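Protein chains in written order, with numbering that gives the first Met the number 0: chain A, 0 to 142; chain B, 0 to 142; chain C, 0 to 142; chain D, 0 to 142.
It is worth saying that the hints were derived from the structure and are not from the lab. There is no bait here: all hints are sound.
In the DSSO-like style, the derived pairs of lysine-lysine whose C-alpha atoms are separated by at most 30 Å in a straight line are:
id, chain 1, residue 1, chain 2, residue 2
1, B, K23, D, K10
2, B, K10, D, K23
3, A, K10, A, K25
4, A, K10, A, K23
5, D, K25, D, K10
6, C, K25, A, K10
7, C, K10, A, K10
8, A, K10, C, K23
9, C, K10, A, K23
10, A, K25, C, K10
11, B, K25, D, K10
12, D, K25, B, K10
Since the structure is predicted, the reported quantities are computational estimates derived from the model, not experimental observations.
The chain contents come next:
4 protein chains.
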Amino acid sequence: MTALSLDSARKIIDAALAKAADLKLKPLGVTVLDAGGHLVAFERQDGASFLRYQIGSGKAFGALATGVGSRAVANMAIERPHFMQGLSGVSEGRVVPVPGGVLVRDSAGAVVGAVGISGDTSDNDEAAAIAGIEAAGFTPDAG
Amino acid sequence: MTALSLDSARKIIDAALAKAADLKLKPLGVTVLDAGGHLVAFERQDGASFLRYQIGSGKAFGALATGVGSRAVANMAIERPHFMQGLSGVSEGRVVPVPGGVLVRDSAGAVVGAVGISGDTSDNDEAAAIAGIEAAGFTPDAG
Amino acid sequence: MTALSLDSARKIIDAALAKAADLKLKPLGVTVLDAGGHLVAFERQDGASFLRYQIGSGKAFGALATGVGSRAVANMAIERPHFMQGLSGVSEGRVVPVPGGVLVRDSAGAVVGAVGISGDTSDNDEAAAIAGIEAAGFTPDAG
Amino acid sequence: MTALSLDSARKIIDAALAKAADLKLKPLGVTVLDAGGHLVAFERQDGASFLRYQIGSGKAFGALATGVGSRAVANMAIERPHFMQGLSGVSEGRVVPVPGGVLVRDSAGAVVGAVGISGDTSDNDEAAAIAGIEAAGFTPDAG
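Just chain A, same shape as in the assembly (with noise of 0.2 Å):
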């Protein structure tokens, strides 16, 4: 298994935020965590409100938990609302079931962290997730 380096997570917070400008995205934090759902980078634009690191992380960390993206995550919670409601205790609350929270694969597909954005529509994060992703030579697994 890769360790996934800082570089690598400078790597898809830069191009997950140039995708952003492209996007027109309101501002945005980017959170990227390692395969033990540690933390690794954050960074948060001027403008975002402040709790986007906890629903960034929540929504990287439920993909991390789970191992699928956090889209699959948020069909989970949608289908079987009574597991969610048991992984967000047993997870001490930090799952947040909704798309943006997107695995990081490595050439072997490995699960080597994940990333989560926060700060606009939830298909949007998840689209700048997986351009940053793929901007530093990981394969993105959205769910």
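Once you have looked at the hints, place chains B, C and D on chain A.
Below, chains B, C and D alone, put in the same frame as chain A:
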């Protein structure tokens, strides 16, 4: 009450993972709790995401907390959501109300522990738990 | 009050890590919080252990919560342990009372944020934080 | 970075318990965490009290969180009690600062996980952890 020995817990885990291999299930985490809801043994297969202990443990804990297998706990959650909300609160978020948490009963019918499995579909998780419990000479109660 | 921009936070982190490289410090985590104690930016260097965000954030949060640098918070903890115990409680465990959490003051003396660094000795962590804050054109207040 | 496989975790546990039998130790709980602090495997011997998982896990987690074996974490707690209080807070009470939490390093020196043992004296717990790690072909770092 017979105590659930480590030797029995190992047999349960080995047989559950053997069943999982037969069924070609995704990588699993297998939790064995004693009658007091405390951890006896756990194994997480390579490739299983990192919250498998918490999720499987939440299934087994919910079964022990209510005295029925977690399939019945899942039904409670659907039929009486406010009860489940309260149960989540008083257990400090330790209950995951979905199938895959199976009570371990001895020959007298007493509950000596519970097995919680997470990693594949809830139905498959439960099938592996049942196989493990039976192979160790106990009676499974899936709810 | 000037808001602490992401651009300033990046300058602080870059300069803090440059100082750390000069001093040959161990791998660091560098946290930048705004005046409300919310995360603006964070970077964890390769090889730094995984709780660096929480520890560094706890230094910066404690500084903001009391209005003095965390070196002074550390002295409070020694001189008035019961105050610190209470502070830990009301902050839900978010305060780490050791040096390395440095207030960021603007030219008028107003607190616009705080930097928290963790990874080397507390004194070295603090030196890197001070260097970062000065390089970004602010006044450090280490306590 | 090598991932800590379930097969390696089993070898560590088996060898730690064999060492414990040689030394005629009291019943133990043996926890193996991965590099992200997540549970890979656990076994609690018959007769060990029920919080052994939490205690042993707290030793291993504290080692991973600070990057040193828990013997060094214990020294930190004695020399800098307020740091330890802060660490306890930001880790949400997950750190147990006593010997018996030993880092697992691979041949390149990278931390791939940690073993935490609880049940006998801290020194004996640590001896069993070291024996287990060595038997599995890794390098123990007790702090």
